[in-house]
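K.L.:
Using the sequences and the hints given, assemble the complete structure.
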Amino acid sequence: MEIEVELEALLGQQGAVENKMLSLQRMGPNLQLIEGDAQQLSGMITFTCNLAENVSSKVRQLDLAKSRLYQAIQRADDILDLKFCMDGVQSALKNEEYEQAAAHIHRYLCLDKSVIELSRQGKEGSMIDANLQHLQEAEKQLKVLVGEKFDAATKAGDLPQVERFFKIFPLLGLHEEGISKFSAYLCQQIAKKAEENLNLALGSESSERRATLLFADTLTLLFEGIARIVETHQPILETYYGPGRLYMLIKHLQSECDRQMEKVVDKFIQQRDYQRKFQRVQSCIMRSSSSEKIEPRDLDPILAEVTLMSARTELYLRFIKRRITSDFEVGDSMASEEIKQEHQQNLDKLLKHCLLSRSMQELIGYYITMEEYYMRESVNKAVAMDTCERGQLISSMVDDVFYIVKKCIGRALSSSSIDCLCAMINLSTTMMESDFREVLCNKLRMGFPATTLQDIQRGVTSAVSIVHSSLQQGKFDTKGIESNDEAKMSFLVSLNNVEVCSENIMTLKKNLEVYTL
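In short: position in the sequence shown from 1, add 8, done, that's my numbering.
Here are the simulated distance ranges between beta carbons: (1) Asp166 with Val522: 44 to 54 Å; (2) Val508 with Asp306: 22 to 32 Å; (3) Glu239 with Lys360: 22 to 32 Å; (4) Ser510 with Ser422: 19 to 29 Å.
I should point out that these hints are in silico values taken from the structure, not numbers from a laboratory.
Each residue gets a CB set at the ideal place from its N, CA and C atoms; glycine is no exception.
P.N.:
As structure tokens, then:
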């Protein structure tokens, strides 16, 4: 039964199978056409591949021939250039046209040495050897001549001729020698002008308007002269020597700057008696002897001059740093990170370890001690001379003390030295939190002489606590208060002093934040 069922099912599918067979028979011719087209397409692709291979092979051969042709042309041009350079340099030397002669030597130095070597192996090898020998002799002769002419122009002080031969050195591959010689000439000019300025300063009258700033002005003239030289000759250096070489020039100039600065500073220390005054200040601080103390106002001019010298030095060093950094950025645009870091380290070393920086640091070190002495002694005087006129809400010492503190910090700020400013801020803070705080606290501790003292006890304690939180311990004496009215007034004025001092401290802080941003 199962077999019969399966047979009947197969017989039932006969029609569908026959229809499929008929459709396949109708597709036969189309498949034959597709096969023919595919074979034709394959043939075309094969032909195209062969053709492309042949064409690319011809192109490669053409490129090879072209490159060899260019090499031959280059070889011929180099041989012609060699002959042209030899004839040109001899003619230029004969006519003393040193720029033209240097240009021919520069062209010879730029020729491809491998091409010249191949040319020497050819039929014209002997002629090329002769040309090379003449050019090498001319190169040596021109280098000697340029050096001698430059030295003669330097000796004569002929700036146009100095600049003329300075521009020739790089054409001969003598970049470092050219910069070194030119720097030596510029250093002579700097030394000559600096000596004139120093002698003029030493010979000036003490009654002149800027007599107290003579050495700061002399130092400023030195810096301005060097800055003017850099601004004038940097374009020439970049044009003829290329970017990245300004550091070498300024390094030589800075050495001369150090020498001339040392002379100015030595005269400053000698004329202003700077070292001895510092030693006296140190002695006064250690001994606290009133008989040997220096009058603070005697230190005022010298402190102002030192800060001005420091400010001009910082301005000059920032100028040098800015110029060299921008020159390195152009010259090191394609350099590796190692080269860039090396250049930056060289710049930092030049600025931080030069004699100029070290000398200013030493002067500022002395200045900080003397400024601290000036501030403390002036504050002592202000407290000792403290008065309160009838009707005034605060005593005179508040304005006087904060004027002195503001003056000392402002003077340190004007030095443009971060270390100096931080030191003076710390010293001022210490003085205010110790000595001046104790003065205010002592007046408050004397209390309010009322019958109901207990009623205001809490207020006094609170006031003392406020002072205690903002100021430190000191050494000033206070005078007794004889009458109740005077005691009341003194106490109230002391409270007002504390409040105004607190306001002044906040104002001083805000002003410093504005100036240092």
